[in-house]
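2 protein chains.
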Amino acid sequence: MNYCSNCGNSVELKIPDGDNVARFVCPKCGQIHYQNPRMVVGCIPVWQDKILLCKRAIEPKYGKWTIPAGFLENNETVEQGAIRETMEESGADVTIVRLHVLYSLPQVNQVYAIFLAHMKTADFDAGDETLECRFYETHEIPWDKIAFTAVHFSLEKYIENLKTNDTQTYLGKLIRKYE
Amino acid sequence: MNYCSNCGNSVELKIPDGDNVARFVCPKCGQIHYQNPRMVVGCIPVWQDKILLCKRAIEPKYGKWTIPAGFLENNETVEQGAIRETMEESGADVTIVRLHVLYSLPQVNQVYAIFLAHMKTADFDAGDETLECRFYETHEIPWDKIAFTAVHFSLEKYIENLKTNDTQTYLGKLIRKYE
Numbered sequence: 002m003n004y005c006s007n008c009g010n011s012v013e014l015k016i017p018d019g020d021n022v023a024r025f026v027c028p029k030c031g032q033i034h035y036q037n038p039r040m041v042v043g044c045i046p047v048w049q050d051k052i053l054l055c056k057r058a059i060e061p062k063y064g065k066w067t068i069p070a071g072f073l074e075n076n077e078t079v080e081q082g083a084i085r086e087t088m089e090e091s092g093a094d095v096t097i098v099r100l101h102v103l104y105s106l107p108q109v110n111q112v113y114a115i116f117l118a119h120m121k122t123a124d125f126d127a128g129d130e131t132l133e134c135r136f137y138e139t140h141e142i143p144w145d146k147i148a149f150t151a152v153h154f155s156l157e158k159y160i161e162n163l164k165t166n167d168t169q170t171y172l173g174k175l176i177r178k179y180e
Numbered sequence: 002m003n004y005c006s007n008c009g010n011s012v013e014l015k016i017p018d019g020d021n022v023a024r025f026v027c028p029k030c031g032q033i034h035y036q037n038p039r040m041v042v043g044c045i046p047v048w049q050d051k052i053l054l055c056k057r058a059i060e061p062k063y064g065k066w067t068i069p070a071g072f073l074e075n076n077e078t079v080e081q082g083a084i085r086e087t088m089e090e091s092g093a094d095v096t097i098v099r100l101h102v103l104y105s106l107p108q109v110n111q112v113y114a115i116f117l118a119h120m121k122t123a124d125f126d127a128g129d130e131t132l133e134c135r136f137y138e139t140h141e142i143p144w145d146k147i148a149f150t151a152v153h154f155s156l157e158k159y160i161e162n163l164k165t166n167d168t169q170t171y172l173g174k175l176i177r178k179y180e
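In the order they appear, the protein sequences are chains A and B.
Add 1 to a position in the first sequence, counting from 1, and you land on the number used in our numbering.
Add 1 to a position in the second sequence, counting from 1, and you land on the number used in our numbering.
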């Protein structure tokens with residue numbers, strides 16, 4: 002951030018009065034420009050004993066497999082966002098069962114909220130950001146070709162949960178350590 | 002948003018190619034300024050059979066009771082943010098038990114993630130944004146003086162959960178209807 006989005010003046014990085022974190026502040030109009038993590042919302046779409054995965058048609062992780070997910074938009078609930086992203090990326094029409102995973106990626110300022118969802122029908126149709134969609138039984142999941150750690154975690158916990166069959170939400174995080 | 006935070010030029014509201022939502026776009030440098038919901042993270046701090054509530058010292062809802070919570074910051078996990086906010090607002094040092102509530106407020110572009118947390122000791126100390134903190138037994142909760150619907154929902158579900166004793170995360174939302 003270089004300029005104030007309110008008045009166009011150059012911003013300064015400083016700790017505002019009463020705060021303890023450096024923010025971009027406009028010395029002209031006084032506006033404090035807070036920057037906060039974004040949410041990624043998505044689903045594990047389940048049909049009978051299979052789940053629907055999507056092969057990515059965009060970077061990052063082009064050609065890797067993922068679950069349908071994307072950034073939560075303003076003016077929607079997390080459930081609405083997850084259902085919308087699932088429709089956009091996979092064409093699957095789903096009903097939310099429960100929140101399955103909340104996963105933090107503090108180094109990229111993202112939080113994933115991944116839902117367990119039932120497909121209303123077996124229909125799907127790869128969207129613009131997807132090369133193909135296909136059903137996987139749990140023993141067929143291509144673990145070495147999964148796009149993101151949050152997706153890997155969500156699928157691991159899905160399988161774990163099939164055995165325990167409880168209704169908990171799993172908390173996860175990725176903290177990268179630099180040497 | 003009036004000006005591009007990257008180059009300082011005036012922005013335009015338009016639907017970018019390949020998108021279906023209007024965004025603030027800079028016609029000079031091309032940057033698309035996405036705007037997304039922010040997360041509010043907090044805890045229900047539990048000590049024995051009591052919970053710790055905070056009386057707000059700031060607007061909105063000055064003088065009303067709430068649980069310690071605030072905006073998730075960049076570079077922290079949701080759990081870290083909830084523990085930090087609990088310490089800042091109530092002085093309580095807590096251990097996260099589980100995610101208790103995920104609550105969407107689409108009209109103000111917020112998502113609350115409220116954790117159930119155990120206090121390590123009975124110590125507390127009201128922070129700058131808090132007039133006072135005190136323990137409440139569940140039958141003492143001042144329902145008509147609770148600050149926010151997401152907090153009201155979280156406390157209701159806390160009490161409901163004491164009876165069922167399961168480990169689920171509750172999903173909630175507030176959709177205001179204008180007549």
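Simulated from the structure, these hints should not be mistaken for laboratory data.
Treat the hints loosely; a few may be bogus.
For identical chains, the list gives no copy identity; a pair is met inside one copy or between any two copies.
[What the hints assert, rightly or not] Here are the simulated SDA-like pairs of lysine to any residue, each with C-alpha atoms no more than 25 angstroms apart in a straight line:
id, residue 1, residue 2
1, 15, 77
2, 174, 81
3, 15, 128
4, 65, 8
5, 174, 98
6, 29, 111
7, 146, 75
8, 146, 30
9, 121, 150
10, 174, 19
11, 15, 161
12, 29, 50
Hints, verified against the model:
Proximity of residue 15 to residue 77 under the C-alpha cut-off of 25 angstroms is restricted to the inter-copy arrangement: shortest distance 19 angstroms between copies versus 33 angstroms within a copy. In this assembly of identical chains, the alpha carbons of residue 174 and residue 81 lie at most 25 angstroms apart whether taken from the same copy (24 angstroms) or from different copies (11 angstroms). Taking CA atoms no more than 25 angstroms apart as the test, residue 15 paired with residue 128 passes between copies only; the shortest distance there is 22 angstroms, against 43 angstroms inside one copy. Neither within a single protomer nor between protomers do residue 65 and residue 8 lie at most 25 angstroms apart by alpha-carbon distance, with minima of 43 angstroms and 35 angstroms respectively.
Proximity of residue 174 to residue 98 under the C-alpha cut-off of 25 angstroms is found in both arrangements, the shortest distances being 22 angstroms within a copy and 16 angstroms between copies. For the identical chains of this complex, residue 29 and residue 111 are neighbours neither inside a copy (31 angstroms) nor across copies (28 angstroms), given an alpha-carbon limit of 25 angstroms. With identical chains, the CA atoms of residue 146 and residue 75 are never at most 25 angstroms apart, being 32 angstroms at best within one copy and 29 angstroms at best between copies. In this homomeric assembly, residue 146 and residue 30 never come within 25 angstroms of each other (Cα to Cα): the closest approach is 49 angstroms inside a single copy and 36 angstroms across copies.
In the homo-oligomer, the alpha carbons of residue 121 and residue 150 never lie at most 25 angstroms apart, since the shortest distance is 28 angstroms inside one protomer and 32 angstroms across protomers. Taking identical chains as interchangeable, the C-alpha atoms of residue 174 and residue 19 are never at most 25 angstroms apart, the minima being 30 angstroms within one chain and 31 angstroms between chains. When the C-alpha separation of residue 15 and residue 161 is checked against a cutoff of 25 angstroms, the pair qualifies neither within a copy, at 46 angstroms, nor between copies, at 45 angstroms. Taking the closest pair of Cα atoms, residue 29 and residue 50 never come within 25 angstroms of each other, the shortest separation being 60 angstroms inside a single copy and 51 angstroms across copies.
Violated hints, listed in ascending order, are 4, 6, 7, 8, 9, 10, 11 and 12; each of the other numbered hints is respected by the structure.
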